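Participant: Here are the chains, one letter per residue:
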Amino acid sequence: MTARLPSRPAILAVLLVLALFLLPWIAGSYPIYLAMQILILAVFSLGFNLLFGYTGLLSFGQAGFFAVGAYGCAKILLVVPNLFLGIAGGVAAAGVAALLLGILSVRHTRIYFSMLTLAFGMMIFSIAWKWRDFTGGDDGLVGIPRAPLEIPGLVSLSVATMERYYYVVLVLSLLAIFAMYRLVRSPLGLTLQAIRDSETRAEFVGVPVRKYRLIAFTIAGLYAGLAGALLPPLENTVTPPIAHWSTSAEPVMATLLGGVHAFAGPIVGAFLFFIIKDIIVRFTEYWLIWFGIIVVALVMAFPGGVMGIFAKRRT
Amino acid sequence: MMKKFAAVNVLFLLSLFLFAAPALAQCQLGVPAIKVGAQGAASGPHSDYGRQIEMGATMAAEEINAAGGVLGCKIEIKFMDDENRAATGVKNARYLVTDWGAHFTVGTDSSGVAMAMGPVLAELKRIHFFTHAATHRLTEELVAVKGIKEIVRVSVPVYQDAIVAALIFKDRKDIKRWANIGADYEYGYTSWNLFKETLKKYRPDVEFVASVWAPFLTLDFSPHIAAVMAEKPDAIFATPWAGEAVMLLRQSLIQGVFDNVQVWWQAMGGSVDVLEGISAEVAKDRFKGKLWATARYIHNWPDTADNKAFIERYRKRWARFPNYSAETTYSALFIMKAAVEKARSMETDKVLAAMKGMQIRNPGGLRVFRDEDHQFIYNVPAGRVVADEKYPIPVLGDLRVFEAKDYYRYPPFTAVSAAK
Amino acid sequence: MDTIAFQGLIGLSLAMYLWLISAGLTIIFGVLRIVNFAHGSLYMVGAYLTYTFYGQMGLPFGVAVVLSLLGTGLLGLVMERGFLSRIYGIDEAYQLLLTFGFILILDDAVKIIWGGVFKIPPIPAFLDGSWPVFGRSFPVYNAFVIAVGIVVAAVLWALFEKTWWGRIVRATATDREMAGAIGVNVPRVFSAVFVFGSMLAALGGAIGTPVRVVAPGIGATMIIQAFIITVIGGLGNLKGAFVSSLIVGVLSAYGTLFFPVFELFFIFVIMAVVLLIRPQGLFTR
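Sequences listed follow chains R, E and V, in order.
Each residue of the first sequence is one higher than the one before, starting from 1 at the first, in our numbering.
Each residue of the second sequence is one higher than the one before, starting from 1001 at the first, in our numbering.
Each residue of the third sequence is one higher than the one before, starting from 2001 at the first, in our numbering.
Watch out, some of these pointers could steer you wrong.
[As the list claims (entries may be wrong)] With a cut-off of at most 25 Å between alpha-carbon atoms, the simulated DSS-like pairs for lysine-lysine come out as follows: (1) R:Lys277 <-> E:Lys1078; (2) V:Lys2119 <-> E:Lys1284; (3) E:Lys1201 <-> E:Lys1290; (4) E:Lys1201 <-> E:Lys1176; (5) E:Lys1232 <-> E:Lys1196; (6) V:Lys2162 <-> E:Lys1316; (7) E:Lys1176 <-> E:Lys1290; (8) E:Lys1405 <-> E:Lys1200; (9) E:Lys1288 <-> E:Lys1405; (10) E:Lys1288 <-> V:Lys2119.
The set of hints was computed from the structure by calculation and includes no laboratory data.
A quick note: this is a predicted structure, and the numbers were derived from the prediction, not measured.
Please take these sequences and the hints and turn them into a complete structure.
Facilitator: See below:
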């Protein structure tokens, strides 16, 4: 570690992080808002890809956990205006939900797993829609404060402005990204990949496959929960569509755009997802068709995702 | 190909910038143009509303610009589809204000989108003229109680859908059993509750015999219709709107509903898209004169030269009749113009001060600004859906006109149940 | 009692729309092993084409339906030959993503071609009106939909069980390598099945045109319902799709009557429970 020169991707990552920290000085408030959306989707997609790219399970219900994180955070902030508590509570709630539904979901793999997670996600969606007393129904929860970061008796830091809240999102996202980076290189991450590549071989050497899948599912749920919990203070609102399957499709698209088999794939994909959409929306209201064409073209041309282009060049 | 696309766009932006510069000279507000961001549902079964918002805003801007603009400033419109989704509406609002540089925003169809946008408007510090979203909570709660001053509503809230119906049918002694086919979201719940609450006051003898709910994007109302008809109601109160209203009415016709009920109240049935959708059936009198409706503006009322000229211009420009989201959006731009000219500024507080006590004549009639909740008050009649040879689409006939004071709610507001 | 029976009949007509869209989805999955996310969009295209041929050009309803089936079949052919067939080798997740891309394209394409405003052409005269059933008025149109659904079920059964073509398709579904080895042109079977499935989806959309709204976005609503049906019936199981369409259609009609609040939730609970207990579907041995 000591004498080795940092690799090119590492330098790039450091420069990027630096640029992100300086963003409020160089950009207006809309780019900052967009950057937060990208970071949130990046965290969401990273969790999804732990399940998909590293474990081989394609979930169509991640929006359910995203929503549990968002609603959990929102409910807490509406009662106790403390951002630490809100985000931690949202993440914890999503983690518990993912653990419980994960026990059932990991009994299956492949398309059956996808359909099962779709059903669970849509169950959460219908609860968000119908349980008006708790979730506010279709109107959702409104007026969620961008509460201060507070440790009672010690510190209370206001993050009410967009720029300050941006740093909350940035720091938490970077921590989450770093943790995931370590995780996929840890024995746990390597075991998950072994399961993905051959379930029977992993079983043969004594890996409790289902337990590992459950761990991956729960971690993916925690990441979805964190991403979800960062949303209500930003938007001041949580509404049921965030639990809908079309929201589950967002990390799927971002990850596939960026590339499944590169660690940074979901992050690059989240960036592309918003940038492509945002650029197209400026010039035409028919952005879906362009997005669809890009998705189809990418799948046809680079089935490995955008990061796959670089991977190919390297080999 | 994408690269070329982007390059063309950069050029386009650059040229906009260059051409915008000379305009600065004449505009007394010191901006290249007054930018107005418009939003509405432009996809899905409710998409005609968004289109009408876009058409109304565009035509108003064209007329104002042709007549010299607002204090010499041209109006520039940008329309975005909010997909009837709160998250999209909020994101659009942020984009329009912080990036595109909107000075005002206008539009919004769904109540849910409106409620989500409210707090964000306070953060963005821009006035949004709501021209369709109907929940009473937008003005009663967010403005009157929470003090979000950036919310201004040009269209009538849910009072129109519910209280007007109760006022009309309280006199129909032959109707004792009401049933509800409701939109399965807040607008539907509050309409039905407000209707029941008001009607009960006048008619303790009526019964509310059945209530079914249909969510957004319901494709088939047959089970809902069958379920309420099982209770043999005298009258139906229905709140699904736009394309869903057309389907509901069609599917009711073929279940013989109009042979069995006395009255069908289709709250927003006076909207142009609905009238177009059922015009063949109305021409054949398939509804037997039992279909009643209102709207937040109806093209055959008021019978003024103003309104007729407006419709003529609108038909010439778009080859359509204006529905209410078009009239309210069109009028919102003229309200904005009047307020800015009086304030000689676009600052929120100054514009609001200029709007205080405002009375303005729009195609839909006289609108009066209510300071407590930023609600514009005006009359819209309700009536029977009938064919009229003067119009290619049905109109509301047999009009019942109520004074606004009889059916608007007034501060201090009492809560309306939003339960089913 | 009459109320229950009448509501059940209404449910039966709902079931037939579900059957038509899930039949195509499940056949395609059974043979190609692809979950076609864009299947709901083909339903939508079928509806729009019917609107054009029948509502705008004024062709007889039956002719319009046939033309729209052909048109949608052609679209299906382009999707399969031009795109899907080129990536059969790669991870199934990318096939899913590709069909998801089609949803986005088709949703906007119909907006560009037909505008965002919903369409409902008039009901053909011979299907208008109602018949007295159980002391109530049952729409002729809903009876027509039930009839179409049953005829399609009978035709599919005959096609797959009694014809040479059906045997080839079933052989390909069971073991595509083996089918290829005995001389079946597997790529051609794939194309044919995909086109056939697309036309079934289009039929659902087409016969719904005069009573159900045609608008961008209806595809996304239909695809989720089709997923529910095919999962409960067993992915790739045609008979299962028919029975589970009946169950879900009739239950949701009763749901509207008896417990409207929980309808949506319960349907997904049923889907999840079936997946957990009998992932092969309720009706697959």
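Participant: Between the alpha carbons of Lys1201 of chain E and Lys1176 of chain E, is the straight-line distance 25 Å or under?
Facilitator: holds (14 Å)
Participant: Are Lys1201 of chain E and Lys1290 of chain E close enough, with their CA atoms no more than 25 Å apart?
Facilitator: holds (24 Å)
Participant: Against the 25 Å threshold, does the CA-CA distance of Lys1232 of chain E and Lys1196 of chain E hold or violate the hint?
Facilitator: Holds - the C-alpha atoms of Lys1196 of chain E and Lys1232 of chain E are around 18 Å apart, at most 25 Å.
Participant: Verify the proposed pairing of Lys2162 of chain V with Lys1316 of chain E, using a straight-line Cα cut of 25 Å.
Facilitator: Roughly 61 Å between the alpha carbons, so the hint for Lys2162 of chain V and Lys1316 of chain E is violated.
Participant: Assess, step by step, whether the Cα of Lys2119 of chain V is no farther than 25 Å from the Cα of Lys1284 of chain E, and give holds or violated.
Facilitator: holds (20 Å)
Participant: Are the Cα atoms of Lys277 of chain R and Lys1078 of chain E separated by 25 Å or less?
Facilitator: With a Cα-Cα distance of about 17 Å, the restraint between Lys277 of chain R and Lys1078 of chain E holds, given a limit of 25 Å.
Participant: For a C-alpha distance cap of 25 Å, please report whether Lys1405 of chain E and Lys1200 of chain E respect it.
Facilitator: Roughly 19 Å between the alpha carbons, so the hint for Lys1405 of chain E and Lys1200 of chain E holds.
Participant: Given the hint that Lys1288 of chain E pairs with Lys1405 of chain E, test it: the Cα-Cα distance must not exceed 25 Å.
Facilitator: violated (32 Å)
Participant: Quick one, are Lys1176 of chain E and Lys1290 of chain E close enough, alpha carbons at most 25 Å?
Facilitator: At roughly 16 Å apart (the allowed maximum being 25 Å), Lys1290 of chain E and Lys1176 of chain E satisfy the hint.
Participant: Straight-line Cα separation of Lys1288 of chain E and Lys2119 of chain V no greater than 25 Å?
Facilitator: holds (24 Å)
Hints 6 and 9 from the list above are not met by this structure, while the remaining hints are.
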